[in-house]
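Undergrad: So the chains spell out like this:
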Amino acid sequence: MQSVKVANTMELADRAVGFLLSFISLSIFTYYTFWVIILPFVQGDHFVHKYFLPQEYAILIPVFAGVTLLSFLCVFIGYVMLRSKKKKA
Amino acid sequence: MKHIVKIMSLLVAMTAVWVGLLQASIVPQSYTWLLPLYSVVSLGCYGLLMVGVGLMQFPTCPQESLLLQKDIIEAKEFLKQRGVDVGSD
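Those protein sequence lines, which keep their order, are chains A and B. Our numbering applies: residue 1 is where the first sequence begins, and numbers increase by one. Our numbering applies: residue 1 is where the second sequence begins, and numbers increase by one.
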């Protein structure tokens with residue numbers, strides 16, 4: 001019985017995390033689509049421009065995130081390689 | 001080797017389409033410049049969405065879980081009788 005209860009809470013946690021992930025991804029997608037595709041067509045003094053950062057950031061933020069991810073991957077791979085070499089020697 | 005050639009040719013084809021779009025100016029040029037970045041971001045979002053949806057739909061098989069627990073108890077008793085250290089509990 002204990003295991004069934006644990007399985008149920010695990011299932012709930014899985015559902016919650018899955019829902020959170022899909023919600024985050026959908027919101028990022030709609031925000032980015034709005035930013036890049038729809039906003040250039042809207043006039044300069046419309047009120048929605050308040051909710052979106054200036055257009056340069058639409059390029060800077062993904063590029064910055066990609067570069068950070070790449071550098072983190074390289075650092076991680078280098079660290080693992082160094083550690084394995086030290087262990088062998 | 002063939003796999004790399006396939007991926008490379010796909011990349012070259014997509015780059016050719018992008019440069020062609022740039023030259024032909026079917027869509028406004030500012031959109032064409034942002035198209036690769038937008039595709040990368042939307043691909044990442046799509047992956048995250050699939051992970052979230054998969055998490056939400058993950059099956060838990062409660063009957064199999066019960067049977068598994070019974071099997072574990074059975075195996076533990078069997079091994080304890082034979083003198084193997086089964087730890088925890």
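These aren't lab readings, by the way, just hints derived from the structure by calculation. Hints are not guaranteed to be accurate.
To be verified - Quick partial rundown of chain A residues pointing at chain B, CB under 7 Å, derived from the structure:
hint, residue
1, THR30
2, TYR32
3, ALA65
4, LEU70
As the list claims (entries may be wrong) - Sample of chain A residues with no beta-carbon within 10 Å of chain B, all distances over it, derived:
hint, residue
5, MET10
6, ARG15
7, VAL36
8, PHE47
9, TYR51
10, LEU53
11, TYR57
12, THR68
13, LYS85
14, LYS86
15, LYS87
16, LYS88
Just so it is clear, the structure is predicted and the values come from calculations on it, not from any experiment. Even for Gly, the Cβ is constructed at its ideal location relative to N, Cα and C.
Undergrad: Next step is simple, just say for each hint if it's right about the structure.
TA: Consistency of the hints with the structure:
Hint on A/THR30 is violated. Least Cβ distance to chain B is approximately 9 Å, over the 7 Å limit. For A/TYR32, the suggested interface contact is upheld, since its CB lies about 6 Å from the closest CB of chain B, less than 7 Å. A hinted interface residue such as A/ALA65 counts as satisfied when its beta carbon comes closer than 7 Å to some beta carbon of chain B; here the least separation is about 9 Å, so the hint is violated. Taking 7 Å as the C-beta contact cut-off toward chain B, the hint placing A/LEU70 at the interface is violated, the least distance being around 12 Å.
At roughly 7 Å, the least C-beta separation between A/MET10 and chain B is not larger than 10 Å, which violates its mark as non-interface. Once the 10 Å rule is applied to beta carbons, A/ARG15 is inconsistent with being away from chain B; the minimum gap is 5 Å. With a least beta-carbon separation of about 6 Å from chain B, A/VAL36 fails to lie farther than 10 Å from that chain, contradicting its non-interface assignment. With a closest Cβ-Cβ approach of about 23 Å to chain B, A/PHE47 is found to remain outside the 10 Å limit, as its non-interface label requires.
Annotated as non-interface, A/TYR51 keeps its C-beta farther than 10 Å from every C-beta of chain B; the closest such distance is 19 Å. The non-interface label for A/LEU53 is consistent with chain B: the shortest C-beta to C-beta separation is roughly 15 Å, beyond 10 Å. With a closest Cβ-Cβ approach of about 12 Å to chain B, A/TYR57 is found to remain outside the 10 Å limit, as its non-interface label requires. Distance check on A/THR68: its Cβ is at least 14 Å (rounded) from any Cβ of chain B, clearing the 10 Å threshold; non-interface status holds.
Listed as outside the interface, A/LYS85 is consistent with that label: its C-beta sits roughly 28 Å from the nearest C-beta of chain B, beyond the 10 Å cut-off. Remark: the non-interface label on A/LYS86 is consistent with the geometry, its nearest Cβ contact in chain B lying 32 Å away (cut-off 10 Å). Non-interface status of A/LYS87 relative to chain B is upheld: no Cβ of that chain comes within 10 Å, the nearest being about 28 Å off. For A/LYS88, the condition that its CB be more than 10 Å from all CB atoms of chain B holds, with the nearest at approximately 30 Å.
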